[in-house]
Structures are given as structure tokens and as C-alpha cells.
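Respectively, the protein sequence lines represent chains Y and L. Sequential numbering of the first sequence, starting at 923, is according to the numbering used here. Sequential numbering of the second sequence, starting at 47, is according to the numbering used here.
Everything labelled a hint here was simulated from the structure, so no lab data went into it. On a predicted model such as this, the values are computed, not experimentally measured, just so you know. One or more hints might be untrue.
So the derived list for chain Y, only partly shown, Cβ under 10 Å to chain L, looks like this [to be verified]:
{"#": "1", "residue": "Ala944"}
{"#": "2", "residue": "Leu945"}
{"#": "3", "residue": "Ala950"}
{"#": "4", "residue": "Ala956"}
{"#": "5", "residue": "Gln977"}
{"#": "6", "residue": "Val992"}
{"#": "7", "residue": "Asp1017"}
{"#": "8", "residue": "Ile1019"}
{"#": "9", "residue": "Leu1021"}
{"#": "10", "residue": "Met1022"}
{"#": "11", "residue": "Trp1024"}
Don't be surprised by glycine CBs; every beta carbon is placed ideally from N, CA and C.
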Amino acid sequence: MVPLSYYLILSVILFGIGMFGALTRRNAVGILMALELMFNAVNLNFVAFSRYLPQALMQGQIFAIFVITVAAAEAAVGLAIVLGLYRNFQTINVDEINLMKW
Amino acid sequence: MTVTHVVFFLMAAFTVGASLLVVLAKNIVHCAIALVFAFFGVAALFVLLDAEFLAAAQVLLYVGGITILLLFAIMLTSRISAGGVKIMNEQVGISAVVVLAIVGLLAYANLKGFPALVPPLTMADNTASIGKLLLTTYVLPFEVVSLLLLAAMVGAIILARREREKD
């Protein structure tokens, strides 16, 4: 099988890409997409460890299921907030929404 | 170089490419489509790691659910064909530096810090053991997460609802 570190490095790369997107995107939906990428990277990490640790107890996969569930809840609430923002500001570019910024 | 290696590298390259497209593409709809491919790539890697149930859940929830939700939000909010619009804010340089530093650090720690683990050869039946664990050992988190989903659903409805006209 492929060594564990291959999976970990792939996961780090995916996480970095997602983080870059979350830091630089102007569109709020784009930021949510980058967040989903980061969730996926973390899940990959969990599942890889769950496969490679010697006990084979599946905790990693169970935790990944919970991460997926919470990510779904986060996406639903996040998109509702985006819709609310659009209704109030007629834009979803996060750098133009600076009403409460000092 | 076995078949597993070849499949792993193919899927890894596919996933990283799709993810880069998600972050860098100009048109936000293209980003959503690329996101579908990134999710499929991760699902394939789950299959490679003997996690068939998670791969199926990934395809159902992410590809079928979250991407559709994102596409709805895109259609409802942005003017799609806005050509020449800046897609990134002015923190690109500093963000790239920070991200490269973190990725480099984690990759270095990963190469230095871990002993080479040898995976156990046989795995129990994946879906059956996940189901058993969810209803025995992890039954409390399971119920809590269902409550969380209910709360998120109600919250999303209330947030997205049009406010009633005040008369």
C-alpha cells in the first residue's frame, strides 16, 4: 500500500489550497467553497489514520462522518446568511460589507 | 510502483488540480463545477483507503447536497457574467506567504515526525461495523449531531426567510 505520509502530505496540500482560497476570495460563496475543501482535507487525514493505525477501531471514520454532518449544517446556515447579506447590501463581496468595521 | 501507487498519484493529481481550479477560477460557477470534481477525487481516495461507506456518504452529501446548495446561492446572489471583476482581495501576497509557510512546516513535521506505520491487512466489514459503532459506543454523539442538524435547519429557514412587511 501507499505509505501513510503520502496521504498526509496530500491532505496538507489540499488544506493549504483551501486556506489560500478562504483568505483571498472576495465572493462569500467562494469562501464557503474553500472551507469545504479544508473540511475534505481534514477528513482525508482522519480516514488515512483510521486505516493505518494498527488497532483498526474505525474511530477516524466515525469522526469523519460527524465532520461531514457538521459541514452540511454549516453550509446550510452559511448560505442562508449569504442570502440575507445579499438582501441587505445587494452584494456578497466580503470586502464591501464593512458596516461594522472600525 | 504498484497499481495502488498509480491510482493514488492519479487521484491525488486530479484532486489537487480541481482544488486549484476551485480557488483560482474567475467564474464562480466554474468554481462550483470544479468543486464537484474535487469531491469525487476525495471519494476515490476514500475507496482506496477501504472506507466505502464514507465514499458513498461523500458523494451523496457533498456532490449531491452541498454543491447544489452552493449553486442555488450563486444563482440567487451574483451577476454571473461580470467580466473583469476582481475575484481576490489585496491580501494575496501575504496569504500566499502564510499558506506556503504552514504547508512547508506541516510537510516537514510529517516527513520527520512519523514512524512508518504498517497498516493492518484485513479490515472488518466497513459499513456494518460503522453502523454498530454508531448505535452502541457513539450513540450519544450521534443523537447530539441529529439535534444540531435540526437546529441548523430551523436556523437556516429563519435566516433565509423574507422579513414580513411592517405595516
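Hints and how they fare:
Given hint, Ala944/Y at the interface with chain L, holds; its Cβ is 9 Å from that chain's nearest Cβ, closer than 10 Å. At a threshold of 10 Å, the smallest CB-CB gap from Leu945/Y to chain L is about 4 Å, leaving the interface hint in force. Evaluation of the Ala950/Y hint against chain L yields a held restraint, the C-beta minimum of about 8 Å falling below 10 Å. A distance limit of 10 Å between C-beta atoms decides the matter here; for Ala956/Y the minimum to chain L is near 6 Å, and the interface restraint holds.
Contact between Gln977/Y and chain L, as hinted, is supported at the beta carbon level, the nearest pair being about 8 Å apart and thus within 10 Å. For Val992/Y, the interface hint holds, the least distance from its beta-carbon to any beta-carbon of chain L being 7 Å, beneath 10 Å. Satisfaction of the interface hint for Asp1017/Y is found here, the shortest Cβ-Cβ separation to chain L being roughly 5 Å, below the 10 Å cut-off. Given hint, Ile1019/Y at the interface with chain L, is violated; its Cβ is 12 Å from that chain's nearest Cβ, farther than 10 Å.
At a threshold of 10 Å, the smallest CB-CB gap from Leu1021/Y to chain L is about 17 Å, leaving the interface hint violated. Of the supplied interface hints, the one on Met1022/Y is violated, with its beta-carbon coming no nearer than about 17 Å to a beta-carbon of chain L, more than 10 Å. The interface hint given for Trp1024/Y is violated, since its Cβ lies 18 Å from the closest Cβ of chain L, which is over the 10 Å cut-off.
The structure is inconsistent with the numbered hints 8, 9, 10, 11, although it conforms to all the rest.
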